[in-house]
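Going line by line, the protein sequences match chains P, S and Y. Sequence positions in the first sequence follow our numbering and run 4 to 142. Sequence positions in the second sequence follow our numbering and run 4 to 142. Sequence positions in the third sequence follow our numbering and run 4 to 142.
Simulated from the structure, these hints should not be mistaken for laboratory data. Treat the hints with care, since some could be wrong.
For chains that are exact copies, the list does not tell them apart, and a pair is met inside one copy or across any two.
[As the list claims (entries may be wrong)] Here are the computed lysine-lysine pairs in the DSBU-like style, where the Cα-Cα straight-line distance is at most 30 angstroms:
| hint | residue 1 | residue 2 |
| --- | --- | --- |
| 1 | 76 | 63 |
| 2 | 63 | 6 |
| 3 | 15 | 134 |
| 4 | 76 | 134 |
| 5 | 76 | 6 |
| 6 | 15 | 72 |
| 7 | 72 | 6 |
| 8 | 63 | 134 |
Letter by letter, the chains look like this.
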Amino acid sequence: MVKTETLEIATKGNCDIVDITGDVQRAIANAGFNDGTVTVFNVGSTAGITTIEYEPGLVKHDINAAFEKIAPKNGRYEHEETWHDDNGHAHVRASMLGPSLVVPFCQQEPMLGTWQQIVLIDFDTRPRNRKVVCQIIGE
Amino acid sequence: MVKTETLEIATKGNCDIVDITGDVQRAIANAGFNDGTVTVFNVGSTAGITTIEYEPGLVKHDINAAFEKIAPKNGRYEHEETWHDDNGHAHVRASMLGPSLVVPFCQQEPMLGTWQQIVLIDFDTRPRNRKVVCQIIGE
Amino acid sequence: MVKTETLEIATKGNCDIVDITGDVQRAIANAGFNDGTVTVFNVGSTAGITTIEYEPGLVKHDINAAFEKIAPKNGRYEHEETWHDDNGHAHVRASMLGPSLVVPFCQQEPMLGTWQQIVLIDFDTRPRNRKVVCQIIGE
């Protein structure tokens, strides 16, 4: 009734948006249930999960531009003053976006729109190997 | 153990906020389980799901005013330059809000606060007929 | 298969960020399942749930500074003009953050990163006693 699979996703950081829809579909197929939910969860505090129309305008420019208004890369963060690092904006953005997305599936297919993909957004300032848990509950 | 129902919700677009609490309650009742979770999922990439105190000040003005600061309707979006459309802000807002909300229910009632309603927010620039999946897992 | 526990969390309001990871871990242990998901849901419309690296720079300053850009405490809100209160920004922030977080667990442990804690963020303008539902579905 519960199956858990952990994806490993290489990212470039700096608001890198990675389409993981295919990976999530494979995790659903591997679980073998017809109907249920998949919880897609990013392990770590500088990346998040959402859905988007995966096209270059949004992915390469527009999403980052909006997050620059909320938590600019070159803003002042007490997190950075404490830890002497440079990713305060990444923590703030990730907490606001959220690490978790739950998607229903039916007949082993996630119930997404035609132009709606599941993405990992990595806000950190360097390439990372991310762990993304896909936990499937179904029957 | 898993029941799936798809709601059809007519919206006016332009940050139209629709109270779907009653629809979700009916989907829970139809499923027939006493306790469990309902996953409320918007199909498509220009609307999202959250909760709000459903009163006119927030619904008609305040929420849209906040999203105007993050992704203004008349801002510049590469999405629009590519596709020659006008809804770049709608995509950005929807990705930030998220398409999915999971609400626990007990004795067939969602465990909401008294002034907390489940809403669909449609950011697109025209009226739409939205599909919102209610998937109930329970016992 | 479904177990529901309601936490009572005392908060100070005004973007008070409370680490509830230990409470959620205890709720998972109480449920007695090995693997599954916990849905962490804030009852009410002026607080939300997310994850964060729980350290003072982010918790005492950076998160609030970002929300000030979206929904400033001293901004104008039609919600306040209608109800003659002072928490319009709290409603807007809570709707944007979202009331719900789903975390997978394995061997009774939530699959969080080392520096990733589950938090309740209370945006209201006064101390509150919050109800946070932990609903565990597993086996």
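Hints and how they fare:
When the C-alpha separation of residue 76 and residue 63 is checked against a cutoff of 30 angstroms, the pair qualifies both within a copy, at 16 angstroms, and between copies, at 19 angstroms. Proximity of residue 63 and residue 6 under a CA criterion of 30 angstroms is satisfied in neither setting, with 34 angstroms inside one chain copy and 38 angstroms between copies. In this homomeric assembly, residue 15 and residue 134 come within 30 angstroms of each other (Cα to Cα) only inside a single copy, at 14 angstroms, whereas the closest approach across copies is 34 angstroms. For the identical chains of this complex, residue 76 and residue 134 are intra-copy neighbours only, at 24 angstroms inside a copy versus 35 angstroms across copies, given an alpha-carbon limit of 30 angstroms.
Neither within a single protomer nor between protomers do residue 76 and residue 6 lie at most 30 angstroms apart by alpha-carbon distance, with minima of 38 angstroms and 42 angstroms respectively. Taking the closest pair of Cα atoms, residue 15 and residue 72 come within 30 angstroms of each other both inside a single copy (21 angstroms) and across two copies (27 angstroms). For the identical chains of this complex, residue 72 and residue 6 are neighbours neither inside a copy (39 angstroms) nor across copies (41 angstroms), given an alpha-carbon limit of 30 angstroms. In the homo-oligomer, the alpha carbons of residue 63 and residue 134 lie at most 30 angstroms apart both inside one protomer (22 angstroms) and across protomers (28 angstroms), since each shortest distance falls under that limit.
The structure shown violates the earlier hints numbered 2, 5, 7.
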